[in-house]
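Using the hints, position chain Z against chain Y.
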Amino acid sequence: MMKKIIKFEFLYNFKKPFTYVFFAILFAQGIWYSIGANDYYSNNNTLMNAPVIMYYNLSAMGMLLIIITAVISAGALARDLEFKIAETLYSSFLNEKEFFTGKYFGAFFVNLIVVLGYPLGMLMLPYTGAGMPEQFGPVPWGQIVHGFIILTLPNLILLVTFSIFLVVFFRKTAAAYVGVLFVMMAFITSVALREHSSYPFFTQLLDPFGFSIVLNIIDNMSIAERNTAWLPVNHVFLLNRLVWLSVSIIMFIASFLRFDFKYFIALPSKKKILLEENHGELHTHSSNSIAVTPAFNMASFFGKSFRFAWMDFKSMTRSAVFRIVLVFLFLMFLGYNFLWTSEYYITTSHLPITSVMTFVRVPMMVMIFVMILIFSGELLFKDRKSGVWQITDAMPTPSWVFILSRFITLAGITFIISTLLLAAGLIAQLSAGFTDIEWGLYFKDLYAARFGWITSLQIICMAFFLGSLFSSRLKGHVISIGIFIFLVISLELKLIEQLRFTFPFAPGIEDYSEMNGYGVFDAALPWYAGAWSTLAVVFILLTVLFWNRGTDRTWKERWKVVKQRLTRVNVSALVLFFCLFAGFQCGIYDNVVQKAGFQTSDQKEAEAADYERKYIKYAETAQPKITDLNLKLDLYPEKRKAVYKAGLLLQNKSSRPIDTLHVDWKDFLTIKSIKSENRKLEIAENDETLRHLIYQLSKPLHPGDSMKLTVDGKLHYKGFHQSDPQGDLTFNGTFLGTDLLPYFGYDESRELDNNKDRLNQGLAVIESRMDGHDNLFSRSNAVQSDQADLLTWNIIVSTSGSQEVAGPGKQIKTWREKGRNYFQYRSEMPGYLNFKLISARFNKKEFSSGKTRVSIYYHPDHTYNIKCFQEAAEKAMLWLSEKSGEYPYSCLRIVEKPFYDEDFVTFNNVTAISEKHGWTADISKSEDMQYIYYVIVRELAKQWVQARVPAANVQGAEIFTESIPEYYALTFMDDHFGHAQAAKWLDENFKDYQEGKGEEAIVEHVLLNVDKALYVSREKGGLALYSLAQQLGVEKFNKWLDECLQKAKTGFITSLDFYRDLKKELPVSLHPVAEEWFKQRTQYQISLSHASMKNNIIILEISAARGILDSIGNLTEKPIASLLEVGFLDGKGELIETRKIGIKSGTHTYNMHSSFKPDKVILDPYYWYLIGNRKKGLRRLEF
Amino acid sequence: MELTINNLSKTYPNGVQALKNVNLTIGKGMFGLLGQNGSGKSTLMRTIATLQDADEGEIFLEKIDVFKKPEQARKALGYLPQEFGVYDNVSAEEMLDYVADIKGIVKKKERKELVEALLHNVNLYEVRKNKLETYSGGMKQRFGIAQAIIGNPELIIVDEPTAGLDPAERKRFYNILSELGEDAIVILSTHIVEDITTLCNDMAVIGSGEVLFRGAPTQLIESIKGKIWEKEINRNELPEYEKRFVVNSSRIKQGKMSVDVYSDDLPDSSFKAKEPDMEDAYFAVIHPGIDSLTFAGGKDA
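Chains as they are written, first to last, in the working numbering: chain Y, 1 to 1183; chain Z, 1 to 301.
With the rest of the complex left out, here is chain Y (with noise of 0.2 Å):
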């Protein structure tokens, strides 16, 4: 019996066109998610199908994979009631249990045959074009089928069951279409959650495909784990296999159990009251004397449609199944706003700003959307799913009276969604006392064409579209669907680059500024906004036009029907709204492309290969540099103009004369004339399609010889841009650099930086993003800057009347003429041309700190912190004094910025902060109290050091620019909060290397030779130097560290002077630790399997293990033979007492006398060494 089912399942599917057009789409699935996989890792040196790959994608399964599961398995029990054949199949079979359970295998069957498209697809990938075939291996056979089923399999089963089990409970297809829905959201939760959720181990069991933990074994695996390994089972992972094999087990169970013929096919108990007969007579008379004044006008049309609307509005909302997605919904949001929101938002958590609120809606669109498109497909075909059409389409009302119905009533529902987010946030926010609620941000969030309502209706009007041309329903369904995940994806994965191709997308969706707001983005809105719209209306007409009313008809006779609805007024307005929308793409076109100069990533990086193959002969051309500058600035915010004069005196620091000086420019910057005072500047190439320009000069430049030059230039955004907001010059909070200057030389900055995009154009794959210390070129170069070593300046800058600007140096004066601000800000000391001029509409909080006057530039919203950073400030300043000696400046700015780019940037006096880390934490956490101290004082100590030194642009240069202020920032936490709580810092350094050593793009180079990978500077270099100072004795090492930054007065000196300088300090014994941390890639697994304590005698039984990783994480183990400290704790977990042991290579017992009884033992509790998983070294003594 079950087999004859089994069987019967596979026929009736696989007779169907449309399993194949499903295994169709999974197989191009496999394709497109493999390039994605492929872009995660941006390491050239990972094979395009990689067994990392492979395991990515099995995890992951896809969203069409899931909603075509929940299709094939709800189609295997509910066709039956759907096509109203249960009575009579139910009374020929004899066995209610094995039917059920033939079903159930039939189902998961055709769907394992259906799904194995998807591994297919990624098979096929090398035969697509996709990469060149040097990026592929070897096909990974064993690792696909491991993962096939350790990872697609269970997911499968998980997915088959649960929709059968929606079935069987719920008696309806669409209670399994929602219920994969629910699934989704919580895998994207726990996706979301995974980097920084504060219960890493719930949120992993909370994903239903184990995504997250396979993500987090991988991210930790070298390139060569990449392309090679089998993905190690951990005891998390398996127990996240255990969990929802059990629940599927369960749900099979309950199904199994629930399910027989008469509880299935029987109507639900209120539906069961059949009614008495009234036996009267029947008649027709008294009726047709009521007098009746039927009316067909539009008026009367439209009155309909409300009506209608309003009828289908009661009938949906009345529904058990809609009532439960919307508690589901509402208490995702809350889930989201309470617990998870800043865990994906940025670092800390956060005070319940609006923003945050608001920002909800956008990791949970994508199913709300999908949703949306649910809900309208099953409300359109209402009547051909009822049969109630066979009555309304023989009435006189034209079909789209019902159309407008029924997207009214969507507009209604889509609107209570919107309105549960706001509920959701506004809870969040009063619950939390926060009361600083921005009404306008949620409107325009929630409500409006940024993933608001009107996005939904937009949406609506596609769903209508899509079903109307293709007459039914479930074609309606997965076609809007497919489409819609297909955009989804593609501008994910950049096979769609432009937002103006994908609708219903608008710019700045996840760039919300607390001090810009959606900056040049809001610009752009209204057109995108107006384009979908239009097109939506576009997509309403069409419905009608080509809505079936009837019985079904071919595609020839539908055609038919078409013409005949091309009336006047039809063909009118879908000529006037698609040229509309014809004209908002123009707009959209103009503004983006040509005004605003958007280019693809393949442009882009063309331009950049161009740019490096013409100009990189030029490299080490000797240029003049600058040694002072007189800038005149305008800055109108408003307009996104900066205007300049700029006076500046150049000289020739190299050893030979210069007769060219090359001229380099940013896009945007027109430099209206370079003039220089005692030379003939003849320009002897202009190339403005590469923004370079050589000059001749009338006289060389000859060693050590000065020339003033004049220029005039000009920086101006014009229109919109799509994805960069432009925050150099923005409304409010302007970060304008130094690159509004010409650029003499060849700019290397412009060069691609990743070997994978190196290779697509042809260009030589790169070994480091810096110059070896070996190239005398680079090594007399500042780090911070190649224009100039070190400089003066004196800059005058003015604003608009409602903004401040922050500048580098000491602000000489401030007044106002003609309603602008005038700031001017002179250097007091010498300092290098890497400062940024920031302005924005400020507050200000004002304070001393021994001799330096501080200034804290703050959004004035942003008023909440301002106390903490103060005594943050104060505290940091203090203490740094102490270590390095007094703040090299006398007035500090700490400033708040935009998140654009980069989120910490600090030069010449001043140190600024993106507004995501600190400004809105919630600070009654203490570790996001900590935060702000962390950043504050590692930031301040970069103004120290770069004051005193010199760095060379080498490799290396970052030990001085981030390791030395990292330590310093570990080294003020364990000063201030204690080492326990420092402890956290130190971990969450190693995590970050490890991440960041996943995303590598090229290799990673030793710290000696750290090549702008922070990774590797600020977490390793931080841990190396922490670790360093504890082995020699912080004090010790701290004077030493002082004295060696003192040194470093004359010249451009590297990380071999610092490490040289290093050794000398250490003691021999510590150089062999001083080398694994800068000279090699040293990791250890060191763990505590075993503590006890008996007669006063500690015994321990530790493993060790020490490896070496080549640069793309080949491992080779190394014997280990040095100290190890071990700490006790107590009760309370403070370290009482610490103990050295030599141990060795494997695992061995040692053993140590003790007069006391400590609660815990830890390895390794000064970090001295880079041990991967640091928890295994902690455990409770047993006695």
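Worth flagging that the hints you see were computed from the coordinates, not collected in a lab. Don't take every hint at face value.
To be verified - Some chain Z residues flagged as far from chain Y (calculated, every beta-carbon gap over 12 Å):
| no. | residue |
| --- | --- |
| 1 | Ile48 |
| 2 | Gln52 |
| 3 | Gly57 |
| 4 | Gln219 |
| 5 | Tyr241 |
| 6 | Val247 |
Stated by the list, open to error - Taking lysine-lysine and the DSSO-like style, the derived pairs with C-alpha atoms no more than 27 Å apart in a straight line are:
| no. | chain 1 | residue 1 | chain 2 | residue 2 |
| --- | --- | --- | --- | --- |
| 7 | Y | Lys563 | Z | Lys63 |
| 8 | Z | Lys129 | Y | Lys385 |
| 9 | Y | Lys314 | Z | Lys129 |
| 10 | Y | Lys563 | Z | Lys75 |
| 11 | Y | Lys556 | Z | Lys20 |
| 12 | Z | Lys140 | Y | Lys314 |
| 13 | Z | Lys20 | Y | Lys560 |
Positions of the beta carbon are idealized from the N, C-alpha and C atoms, including for glycine.
Chain Z only, in chain Y's frame:
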């Protein structure tokens, strides 16, 4: 008011010719369309009801071209299909109100009065608040007729209205249907002969998409008078009789088989003459071995 159907033909994509050159003119009153399952009745009904297209031909409701101006035709139309669905979660009162609104009765007060009257008429007033999905088959049909007559349509099409009704329910339905025919063109499509004999004074027989007979029921019966002969036989003799004679029908009566044979003359002495009824006439018309042109009335000109 007259409904004129000219040269109507329809072939489905699978090749089945559902209507072949159908010509009919139908005036006010009860018109019966009799035919077996698959004869083309419902196709014809749906086509008149503007739910289906034809390949060729025209339909005029008075001067309204039903194909070219379906929205005009629908204003004069009431339609009770063979099968129709209902919304779940909607009561009869709500649904009738909705249908009245669709039919153009936009004033709430008028709709309310009308719906009330209709529900009384069809004896569903007491249960008007109950959900339609809880209704029995007969109640659902009564609801169906109520919605069909909203707006006093001039053309009412009822497609197999009594199929599935018990005898008592059917009798009650005959009352309401007969009242309808007093003021409108009512086309009753059915395969139940009793419906025609009870209700219709004008009829057509349709078979394989063609009109095989057009005229009054009495005419049809008259045309086979003296041509039906009956005889009791053994069950296993039936095949032989079918070879030898034109067997119009066979039946079991009190356990014995009886055959009715069509012949101009007495086939043999074992047969006796039968007074034909509507059923006999119907079987004779649709019999492939009997030329339909022999029947008085024949196809409509």
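Against the structure, the hints come out as follows:
| no. | hint | in the structure |
| --- | --- | --- |
| 1 | Ile48 | 9 Å, violated |
| 2 | Gln52 | 5 Å, violated |
| 3 | Gly57 | 15 Å, holds |
| 4 | Gln219 | 29 Å, holds |
| 5 | Tyr241 | 35 Å, holds |
| 6 | Val247 | 32 Å, holds |
| 7 | Y:Lys563 x Z:Lys63 | 23 Å, holds |
| 8 | Z:Lys129 x Y:Lys385 | 23 Å, holds |
| 9 | Y:Lys314 x Z:Lys129 | 16 Å, holds |
| 10 | Y:Lys563 x Z:Lys75 | 23 Å, holds |
| 11 | Y:Lys556 x Z:Lys20 | 21 Å, holds |
| 12 | Z:Lys140 x Y:Lys314 | 23 Å, holds |
| 13 | Z:Lys20 x Y:Lys560 | 21 Å, holds |
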